[in-house]
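Taken in order, these protein sequences are the chains called A and B. Letter 180 of the first sequence, counting from 1, is numbered 179 in numbering that gives the first Met the number 0, and no numbers are missing. Letter 52 of the second sequence, counting from 1, is numbered 51 in numbering that gives the first Met the number 0, and no numbers are missing.
Derived by calculation from the structure, the hints in this document are not laboratory data. It is possible that some hints are incorrect.
Claimed, not checked - A short, non-exhaustive set of chain A residues, derived as facing chain B with CB atoms under 7 Å:
#1 R170
#2 R172
#3 E173
These numbers were taken from a predicted model, which means no experiment stands behind them. The beta-carbon is built from N, C-alpha and C at its ideal position, and this holds for glycine as well.
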Amino acid sequence: MFYYEKKLQYPVRVSQCNPMLAKFLIEQYGGADGELAAALRYMNQRYSIPDKVIGLLNDIAMEEFSHLEMIATMIYKLTKDATPEMMKAAGLGDHYSIHDNALFYHNASGVPWTAAYIQAKGDPIADLYEDIAAEEKARATYQWIIDLSDDPDLNDGLKFLREREVIHSLRFREAVEILKDEQGKKKIF
Amino acid sequence: MKKQLPPEYYKLLEEIQAIDFVIVELSLYLNTHPHDMEAIKQFNEASHHSMLLKIEFEKQFGPLMNFGKSYSNYPWDVDDSPWPWQV
Numbered sequence: 000m001f002y003y004e005k006k007l008q009y010p011v012r013v014s015q016c017n018p019m020l021a022k023f024l025i026e027q028y029g030g031a032d033g034e035l036a037a038a039l040r041y042m043n044q045r046y047s048i049p050d051k052v053i054g055l056l057n058d059i060a061m062e063e064f065s066h067l068e069m070i071a072t073m074i075y076k077l078t079k080d081a082t083p084e085m086m087k088a089a090g091l092g093d094h095y096s097i098h099d100n101a102l103f104y105h106n107a108s109g110v111p112w113t114a115a116y117i118q119a120k121g122d123p124i125a126d127l128y129e130d131i132a133a134e135e136k137a138r139a140t141y142q143w144i145i146d147l148s149d150d151p152d153l154n155d156g157l158k159f160l161r162e163r164e165v166i167h168s169l170r171f172r173e174a175v176e177i178l179k180d181e182q183g184k185k186k187i188f
Numbered sequence: 000m001k002k003q004l005p006p007e008y009y010k011l012l013e014e015i016q017a018i019d020f021v022i023v024e025l026s027l028y029l030n031t032h033p034h035d036m037e038a039i040k041q042f043n044e045a046s047h048h049s050m051l052l053k054i055e056f057e058k059q060f061g062p063l064m065n066f067g068k069s070y071s072n073y074p075w076d077v078d079d080s081p082w083p084w085q086v
């Protein structure tokens, strides 16, 4: 089961209300390579992955939920004081007409999240390679958002998240090697 | 409505976030390096340190966790603000 702890994984601060940055950031909330997709992908793959790497998928899934909460906090803080005019000027007029200032799982272009973004093939190598690719795409997305952002406080949190993608990718690569070793051992018998 | 939080809240919270990050990072590492004795020692020490910090934090600022992982004061304060996105 799950327990909630009333704290973020890493402090999230923003310098000022900035719905334009929130619009870009929503990509990492409800986009194809975002945190929701990552968390749900790993949570679902863990049932059919070999025992040796279940723990890793489980832990990374948990961390992705913590990142989802950080992204949500960033978006919330960037938009909570935004007027309808500010939302409209930032390209969030469509969002506002449907959701007011509420958050929703869609990408930077307003396309709602879909399970078509993620996969579970049951083949451990295929699944882990997808996971590695997902981490690299998320890392790149964080970099593009940092490049677009002029908010040093926001960027501090985004850089933390970017670095976590690097670590996750590394651990998934190690998991692939662990599975390859296992497979090699079986052939000896 | 919104409680004014003392600087000590942020200081202690950041200490907890720092040590809990050590725990997350060591956990992922140990999942693929299960025989690293030194890392396991660090994991156990960090876990203990985190527990002590949370006891101290909860004494001053109330429960961190739900469903019985923290004790409630009177009246019930497990659902008290601030929530993480409000600080």
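Which of the numbered hints above does this structure break?
-> 2
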